[in-house]
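*Asks:* Listed in order, the protein sequences are those of chains A and B. Position one of the first sequence corresponds to residue 4 (our numbering), numbered consecutively onward. Position one of the second sequence corresponds to residue 786 (our numbering), numbered consecutively onward.
Among the hints, a few may not be true.
[Claimed, not checked] The list that follows gives simulated cross-link-like pairs (lysine-lysine, DSSO-like), each with its CA atoms no further than 30 Å apart:
#1 B:K1247 x A:K6
#2 A:K13 x B:K841
#3 B:K1189 x A:K21
#4 A:K13 x B:K1134
#5 B:K1203 x B:K1181
#6 B:K934 x A:K49
#7 B:K934 x B:K1173
#8 B:K1033 x B:K976
Source of the hints: derived by calculation from the structure; they are not laboratory data.
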Amino acid sequence: MPKHIVTITKANLKDTVKTGGCGECQTSCQSACKTSCTVGNQVCVK
Amino acid sequence: MDLRNYDFGANLHWFEQGGQRIVLDVNSGSLHSFDRPAWEALQRLSDCGGGWEQAKQWIAAKYGAVEAEEVFLELQQLAEAESLFTEDPGFVAPAYPQDTVIKAICLHVAHDCNLRCEYCFAGTGDFGGERSLMSSEVGRQAIRFILEKSRHRRHCEVDFFGGEPLVNFGVVKELVEFGRQEAAKVGKTIKFTLTTNAVLLNQQVRDFLEANDISVVLSLDGRPEVNDRMRPYADGSGSYKEVSGNIKEFVSARQNPSPYAVGTYYYVRGTYTHNNLDFDQDVLHMADIGCKQVSVEPVVAAPQDPYAFQEGDLPILADSYERLADAYLARRRTPQEFDFFHFNLELGKGPCLPKRLSGCGAGYEYLAISPDGDLYPCHQFVGKEEFKVGDVFSGKVDTAMAEKFRSAHVYNKPECLKCWARFFCSGGCHAAAYNFNADILTPYQMGCQLQRKRLECAMYIKVKEAAAVG
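The following block holds chain A by itself, in its conformation from the complex (with noise of 0.2 Å):
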């Protein structure tokens, strides 16, 4: 049990190029924005 370390998330970017790219995903700057790119705050719809 990691005593000094708290992992909140784990995550693997590098394991979604596999997996990802199929582009059905909503366009960012469709969402809310308009002005800023939200990637970041878009969810996979898979």
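Using the hints, position chain B against chain A.
*Replies:* Only chain B this time, still in chain A's reference frame:
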């Protein structure tokens, strides 16, 4: 471990907020909370150029050998699990074809508006040209265009935009019906959204939007005096009273929309300027009047504009984001809770790497269409003739311009390569970069700084929420 060639600044981000020591591993997207010895070990590692033994000895001298062993073992285990000290994955070619696949359009059904917002990038609605409305014929051709150009993609997106799209409500209604029919013929789905100032959002419009599952972005800047200063009618009078009333009625009928803008949702979207650096108060005001899905963004203005940000505004804005994050946490699971779009952060279920590299897709996945049917890389480029990329009637899209935008990803932007936020903002807004630097490869720095601050707040919220559960 050998970290002597590791670029700590580009590949890790560590910061303190609200008593939390937060570490982001940029390339994996993993998020950690460190105690003080581990925090100092990371800082020491960075300071001494990745010297593992040197840093360990320093921690042992301060905290004792046992503590140092524990800390460095945990750091090593995280590295082995690819959750810390990971390397940049490098550019990944998109999984989809190189040919232009347009899956989203911003349909400018009206270059006219019933408000005269001070900061409007559309030149108070006309985009620097004649005030005009899109005809049914152009709109229908735009629908045919996207259904064809989206090729193999099943999901297409059409946003009704302006100016103010509801001044051309008849065409909006017609195009929704036409779009549904045409999409069904080819086995596709069109997701419609509408961006409106809500002046004309009456019962008839509300009923139509509900009946047709249309997602809506509603513009309001917050407190009455803040909104009315920047969002007046043509006669100079304030719009808050009428608009906020219409928005309240609309949002009360649309229950439990997704904060991630999935399905049928709404967002109340505001702009903050130099005039309301305490914009957190505007977000809370909107939450208090019943707007549970709020997105408030910094104005993009020319330096000479009176409402443009000034030197010295940034620390004030940073404080506002921090206050907003604490207010957001304090209201969670209470009747006053709200979602703030920029605090959305699903690290484990977020967009894939190809999506993070393609960004907004302007110019090659996403186009804006003017009332005359001309094509531009996005809504913010409409009216800039040098960026016109075609028209819906010829159906041809400038492939050179598409390639230019497709290539404007973080691996082609030197400033992004060393920035820890590169996989969240995807290099930022092309239009802001162009407007400030006349170059879509040079990001708008103020936007970058604000982006990083709100990301820190979003990560802080994640850590605090995990601590509350754990």
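*Asks:* Give a verdict on every hint.
*Replies:* Results for each hint:
1. B:K1247 x A:K6: Given pair K1247 (chain B), K6 (chain A) holds - Cα atoms ~19 Å apart, limit 30 Å.
2. A:K13 x B:K841: holds (25 Å)
3. B:K1189 x A:K21: holds (26 Å)
4. A:K13 x B:K1134: Since the Cα atoms of K13 (chain A) and K1134 (chain B) sit roughly 10 Å apart, the hinted pair holds (cutoff 30 Å).
5. B:K1203 x B:K1181: Violated. K1203 (chain B) to K1181 (chain B) sits at ~37 Å, over the 30 Å cutoff.
6. B:K934 x A:K49: holds (23 Å)
7. B:K934 x B:K1173: holds (17 Å)
8. B:K1033 x B:K976: Distance of about 24 Å is within 30 Å: holds.
Of the numbered hints listed earlier, the single one contradicted by the structure is hint 5.
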